[in-house]
Amino acid sequence: MTAILTNLFDGVAYGMLLFVLACGLAVTLGLMNFVNLAHGAFAMAGGYVCMVLVNRMGWPFFAALPLAFVSSAAIGILLERTLYRHLYTRSHLDQVLFTIGLTFMSVAAVDYIQGSSRVFINLPAALQGQFDLFGIGIGRYRLMIIVICGLLTIGLQMVLAKTRFGSRLRAAVDDPRAASGLGINVPQVFAFTFAFGCGLAGLGGALSAEILGLDPYFPLKFMIYFLIVVTVGGSSSITGPFLASLLLGIGDVAGKYYVPKMGPFVIYTMMIVILIWRPNGLFGRTAAR
Amino acid sequence: MSAASDVGHSAQRQARWHYGEVAFWLIVLACGFAFPSRYLIMTDILRLALFAMSLDLILGYAGIVSLGHAAFFGVGAYAAGLLALHGIVNEPVLALIVAGLAAMVLGFATSFLVIRGVDLTRLMVTLGIALLLEALAERFSNITGGTDGLQGIEMQPIFGEIPFDMFGKAGFFYSLAVLFLLFLLARRIVHSPFGLSLRAIKNNPLRAAAIGIPVNRRLIAIYTLAAFYAGIAGALFTQTTAIASLDVFAFERSADLMLVLVIGGTGYLYGGLIGAVIFRMLQELFSTITPQYWQFWIGLVLVVIVLVGRQRLHRWVLYVPNLVVKQVAGRKAVVAVPESDA
Numbered sequence: 001m002t003a004i005l006t007n008l009f010d011g012v013a014y015g016m017l018l019f020v021l022a023c024g025l026a027v028t029l030g031l032m033n034f035v036n037l038a039h040g041a042f043a044m045a046g047g048y049v050c051m052v053l054v055n056r057m058g059w060p061f062f063a064a065l066p067l068a069f070v071s072s073a074a075i076g077i078l079l080e081r082t083l084y085r086h087l088y089t090r091s092h093l094d095q096v097l098f099t100i101g102l103t104f105m106s107v108a109a110v111d112y113i114q115g116s117s118r119v120f121i122n123l124p125a126a127l128q129g130q131f132d133l134f135g136i137g138i139g140r141y142r143l144m145i146i147v148i149c150g151l152l153t154i155g156l157q158m159v160l161a162k163t164r165f166g167s168r169l170r171a172a173v174d175d176p177r178a179a180s181g182l183g184i185n186v187p188q189v190f191a192f193t194f195a196f197g198c199g200l201a202g203l204g205g206a207l208s209a210e211i212l213g214l215d216p217y218f219p220l221k222f223m224i225y226f227l228i229v230v231t232v233g234g235s236s237s238i239t240g241p242f243l244a245s246l247l248l249g250i251g252d253v254a255g256k257y258y259v260p261k262m263g264p265f266v267i268y269t270m271m272i273v274i275l276i277w278r279p280n281g282l283f284g285r286t287a288a289r
Numbered sequence: 001m002s003a004a005s006d007v008g009h010s011a012q013r014q015a016r017w018h019y020g021e022v023a024f025w026l027i028v029l030a031c032g033f034a035f036p037s038r039y040l041i042m043t044d045i046l047r048l049a050l051f052a053m054s055l056d057l058i059l060g061y062a063g064i065v066s067l068g069h070a071a072f073f074g075v076g077a078y079a080a081g082l083l084a085l086h087g088i089v090n091e092p093v094l095a096l097i098v099a100g101l102a103a104m105v106l107g108f109a110t111s112f113l114v115i116r117g118v119d120l121t122r123l124m125v126t127l128g129i130a131l132l133l134e135a136l137a138e139r140f141s142n143i144t145g146g147t148d149g150l151q152g153i154e155m156q157p158i159f160g161e162i163p164f165d166m167f168g169k170a171g172f173f174y175s176l177a178v179l180f181l182l183f184l185l186a187r188r189i190v191h192s193p194f195g196l197s198l199r200a201i202k203n204n205p206l207r208a209a210a211i212g213i214p215v216n217r218r219l220i221a222i223y224t225l226a227a228f229y230a231g232i233a234g235a236l237f238t239q240t241t242a243i244a245s246l247d248v249f250a251f252e253r254s255a256d257l258m259l260v261l262v263i264g265g266t267g268y269l270y271g272g273l274i275g276a277v278i279f280r281m282l283q284e285l286f287s288t289i290t291p292q293y294w295q296f297w298i299g300l301v302l303v304v305i306v307l308v309g310r311q312r313l314h315r316w317v318l319y320v321p322n323l324v325v326k327q328v329a330g331r332k333a334v335v336a337v338p339e340s341d342a
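Chains as they are written, first to last, in this note's numbering: chain G, 1 to 289; chain A, 1 to 342.
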């Protein structure tokens, strides 16, 4: 019984992490309809920035996290302004090719700068180990992830639903032409959102180094997970991707624990079945876009 | 002349063999005799060319974007490997066909999943299928050999007459023969009414359905055929290298294949063949400059190609040949700029 609960807890932490990693992609792919397979590269960038700051320069872990966000967001906005925006109107094939190219470049570049082996971030002692709560083993680090990611999710939902920027974004996504007719600077809104999504990915990358492992092949290894979150979750709100992340996280952890030999088999099968059953995602809009 | 016969006339003229095509195949054949020390890499190029032609059939002619074409390559590779290893089918040509059929069955089964949904769903489903097969191959390592791959494959002589030699000469000519035969078949298919209907579907599925083309059935048919081609390419891989390992299913293989086709151009069968040659040469060049980081440059090539625009790029590349043709023959270029795709 306690093993189940511990697994559930780990799965929730994993799912929350996936959500932070992938929710930027939910915006670009789901809302802006841009297939960005290079999303994992931004996450990796954040992870490596955090690693360098903490391990090499001796920064405290919690000070390095915001910087991971900022650096990934900066790379994001730079690439968006110079390269990505030319491709919004192009075919999906072009977008796929372009972002695969970027992914390959990022993999080789990080390999060149930091070497190909897996890196670890030195965690403060307060985050290591686990404690028992009513007999359930709870990892401190995972608990922190759940807290941070939970707060982020609530914050995102509030921003999207309550603020002026949130309504601008929703308007720009629903109908870019009408939105720009109303005086909303659509490219600016998209650029900002893209950068913010990249920043979140960077933060997720930094947080995930401990759990998912961080090496130059991170963008390729986890690409499919991000895509699953978005395509299964749909794009009508951030609730869909959030639930999909939790489902995926819990499913993956449970799958690895109970049927270790089946590996990722369960996840892929689930994804294909869901996509066949509901091509727009479990929680997506029913109308075809 | 009525419209129908006009269309037929134009289609027939398109289907006729050009001198350029004959020259192309003669050059390929001549390469086989001119560079006897390069058989291994040339065989590699032929295999890649066949694989790219398979993707071209669905991407260039039917507009199906696939990120998991390696699935069929892998099935073909493992099928050929297992057939040879356990001595089920010893004759290579027969084994090749059986392996191709195995991939074809998978292609037929998964085509129903692929024809549903739009681009994005197709990308995800094809990618998912390839990953699924990779996971399966890893899971059943007692059959596939797991990460070590199938080892100790010994190929019997072709038709019981021509043995595979260690310089790869027999392998090269065998691959070339297979490629040429399958090319002839593909050429016949894309110029047939069936092939023309595929182009109609690619340009506008709704309109194609309105003029009475059974869209889904045509897509299933071409997807199944492409799977057969990819399976043959995979089987050739196993037969000429005597190894099949998990990386036949790898995502990089599918991604590289896209690059091959993008370099060569989609929607005309030579795109895959030319792309394979250029891609392999680029890869060789980059890996001699930077052995570990060649992937960076491959990525850069992809990014640049997309940013410049594929159609513009092909216009530039074909500028000189077209100019020559115009000067010499005094008519419009024979080398057409490939149509825009997907």
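I should point out that these hints are in silico values taken from the structure, not numbers from a laboratory.
Watch out, some of these pointers could steer you wrong.
[Stated by the list, open to error] Every beta carbon over 10 Å from chain G, so not counted as near; a handful from chain A, in silico:
#1 Gly20
#2 Glu154
#3 Arg199
#4 Ala255
#5 Tyr293
#6 Gln295
[Stated by the list, open to error] To give a feel for the contact side, a few chain A residues facing chain G, derived at Cβ under 8 Å:
#7 Asp119
#8 Leu120
#9 Arg139
#10 Leu300
C-beta atoms are modelled at their ideal positions from N, C-alpha and C, and glycine is treated no differently.
Outcome of the hint check:
1. Gly20: At about 27 Å from chain G, Gly20 (chain A) clears the 10 Å cut-off, so the statement holds.
2. Glu154: holds (31 Å)
3. Arg199: holds (16 Å)
4. Ala255: Since the minimum Cβ distance to chain G is about 5 Å, Ala255 (chain A) lies within 10 Å and the statement is violated.
5. Tyr293: violated (4 Å)
6. Gln295: violated (4 Å)
7. Asp119: holds (4 Å)
8. Leu120: Constraint on Leu120 (chain A) satisfied, holds at 7 Å.
9. Arg139: Because about 6 Å separates Arg139 (chain A) from the closest Cβ in chain G, which is inside the 8 Å limit, the hint holds.
10. Leu300: holds (6 Å)
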